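Chains as they are written, first to last, in this note's numbering: chain A, 23 to 438; chain B, 23 to 438.
Hint data in this document are derived by calculation from the structure and do not stem from the laboratory. Since this is a predicted model, take the numbers as computed values, not measurements. Mixed in with the good hints, there may be bad ones.
For identical chains, the list gives no copy identity; a pair is met inside one copy or between any two copies.
[Unchecked claim] In the SDA-like style, the derived pairs of lysine to any residue whose C-alpha atoms are separated by at most 25 Å in a straight line are:
| id | residue 1 | residue 2 |
| --- | --- | --- |
| 1 | Lys24 | Arg81 |
| 2 | Lys183 | Leu256 |
| 3 | Lys183 | Ser32 |
| 4 | Lys410 | Ile213 |
Number of protein chains: 2
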Amino acid sequence: MKCEIIAIGSELLTPFRTDTNSLFLTERLNKLGVQVAFKTIVGDRQQDLVDQVRIAIHRADIVITMGGLGPTVDDLTREAVAEALGLRLKRDQAIVAALYVRFAARRLTMTENNSRQADVIDGAVVLENPNGTAPGQWLDIAVDNHRKLVMLLPGPPSEIKPLFDAQCAPRLAETLPKRHIATRTLKATMIGESVADARIAPIYNQYTDVETTILAHAGDIQLNLICGKGLQELAQARVDELAGRIEDELGDLIYSSQGESLEQIVLYFLEMRGATLATAESCTGGMMAQRLTSISGSSRSFVGGAVVYSNDLKTEFAGVPAELIAEHGAVSREVAAALAEGIRFRTGATIGVGITGVAGPTGGSEEKPVGLVYIAVADEQATEVTEKLWPPGADRERIRQWSTQQALDLVRRRLM
Amino acid sequence: MKCEIIAIGSELLTPFRTDTNSLFLTERLNKLGVQVAFKTIVGDRQQDLVDQVRIAIHRADIVITMGGLGPTVDDLTREAVAEALGLRLKRDQAIVAALYVRFAARRLTMTENNSRQADVIDGAVVLENPNGTAPGQWLDIAVDNHRKLVMLLPGPPSEIKPLFDAQCAPRLAETLPKRHIATRTLKATMIGESVADARIAPIYNQYTDVETTILAHAGDIQLNLICGKGLQELAQARVDELAGRIEDELGDLIYSSQGESLEQIVLYFLEMRGATLATAESCTGGMMAQRLTSISGSSRSFVGGAVVYSNDLKTEFAGVPAELIAEHGAVSREVAAALAEGIRFRTGATIGVGITGVAGPTGGSEEKPVGLVYIAVADEQATEVTEKLWPPGADRERIRQWSTQQALDLVRRRLM
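Next comes chain A alone, as it looks inside the complex (with noise of 0.2 Å):
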């Protein structure tokens, strides 16, 4: 089955803003075993949305609308499809008085316009939109002897994502034929993506019922496996054993096996140990700790840290001697070393990280250029300091991104 997804509204043609709900419906027809083969994005003009819709229905066998359902006079996609399948719009006065209740509840009075929500196609199926005004709608209709299933969603991602699961994806397992999907996720960090391909490809080649992605993003490698068969064991049994295989391949650099993000799995280590951590970051400022607590629960094993972002900090929050820093500078491993050292004593914690690097895009030189980062980890026993050199070029969101990603990692090998 083919699907083809149409998102509308000329927002979506400005250098600001573009369509992103489809990567969310894609997630969920994939795993109804619906592949997506076009997406599109038009604005709101009458004929070219009822071009794209007869264009979309002739090579698609399932098309999908979002946006445009609303009650302003750029909303057009009812009046575009009813006119590209030649069929009619009738207002359904149960929607009608259902919005004069919605617009009472709030003690607003309905224009006029609103009214226009309540236009249904001849055959519709009109799907509940409990979080906004404007309602779906479903029609399955036959086209030219070809059975074609459209959906009318509405575009705010807060109202079309519980609108599908709730309404269109139980309709659609209904209607399509039965087929049971498994999924992995394993997740790699601090290599590449092309030498992470060039070793598991010829694995997962071997693999052709088993679709296998790769995405690379901030240090980060993800390897997303999907398998489709009659049965849920067949498919779950085929993602297994290549998840098993690849596993093997890449050995620790794969630190999640079903899709966690390194923050949880630091976190969940450092809790199965019975361990904490403190961090003291200077180049970072406080992007570690920041990823760290994004996760809830996070404070039973983040205690805390500092941004020790001046000289004077380092000294009074990490207890570097101000010689010290004076004898190596503020980027240098003996730095990097007192910084994990002394916040973990500061702190109390198990494990003391300590950050120091030149971000960039000013402050380099040819001693220290811009993407030289220390990296500190010490706890009880050692201190072990990791010098990077991130390749020339790299921004300073990069730099700050890969260096938090390398102390993660270096963290969860700590507690390997």
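Chain A is fixed; fit chain B onto it per the hints.
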């Protein structure tokens, strides 16, 4: 002039990745007076591609393809565009030779499939791609007596951006009627999108020659104004006049009148006043420090701070008396004030910020629900505490983002 952008690649039809290059292209095209009317994403299937290029050529004046120019069997753009236009491909031996040189320079042997990248559509200008192996192509042709521009560009952002700027933009500027574009970006914070729109729509609706776009994200509102005229001065005068009237209406809710970020504005104000800033963050876990330090040069005004996730660290790093925490709880007006004053005292900064709250999803109570956050700003003269109760249903990430946004805005207002 209407443009269609076609992004090519099956990976763009997965749940994991979609086209974002088109945002860059749209920005550049708009400045040249070209509207993007359609964006389409197609997989690596020859027939789908041929059909889509035919549709695009029919409905747009300018057609830009992105991707599918590499050496592998999946790279079908050259063949598909040639077929759609009824033109031939010819292998360009100069490109083949350049490929050999490129591979030799890296001590690699060029495999035969790489030669496909030298296939040029009849009549096309070759667009050199210094950042990749596959060159782009530019076609200026007549189809059914209409002049059409067709560009085949590579997919990777690091290749398409410099290539477009160096080779497509100048050619387009030469080809298209001269048009001068002026833009302005205003930013406001701590006001809802719909409230802001209700206040300024009556103003911008009077300027039908200026296109106004409103974007909202994480407590931030961005207003983009764009105007095209035959004369640069005329276009500039129109956007400046409208910008001025919007600034009059929204007053000090507008923090930036030239597109700067809130972090930049706060750092700019600090520097202007010769002031310094330190933060003591509990629920935001370093996010405020991270945002400030994402700006190069922030070390001149931001000294650093503490991430005081545990109660012990609130005492250790910001000198908050343990009894105060015991009496009022860690999430309280009193502790926020003590954090701000304490970190100011400990670091010697001019201004101290303290943030404590319940970011959720767990940890809330009837008295102190998820979303309750206290933000304190202390300077020599006074300590002020702001209580925020973010809307129920907001997730951890949003609560943290809104809270740092509010904190930055409070510092800005203190400095005004």
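Right, here's what the structure says about each hint:
1. Lys24 / Arg81: Both, since 8 Å and 24 Å are each at most 25 Å.
2. Lys183 / Leu256: neither (30 Å within a copy, 45 Å between copies)
3. Lys183 / Ser32: both (21 Å within a copy, 23 Å between copies)
4. Lys410 / Ile213: within (14 Å within a copy, 43 Å between copies)
Figure legend: structure checked against the earlier numbered hints; the only hint not met is number 2.
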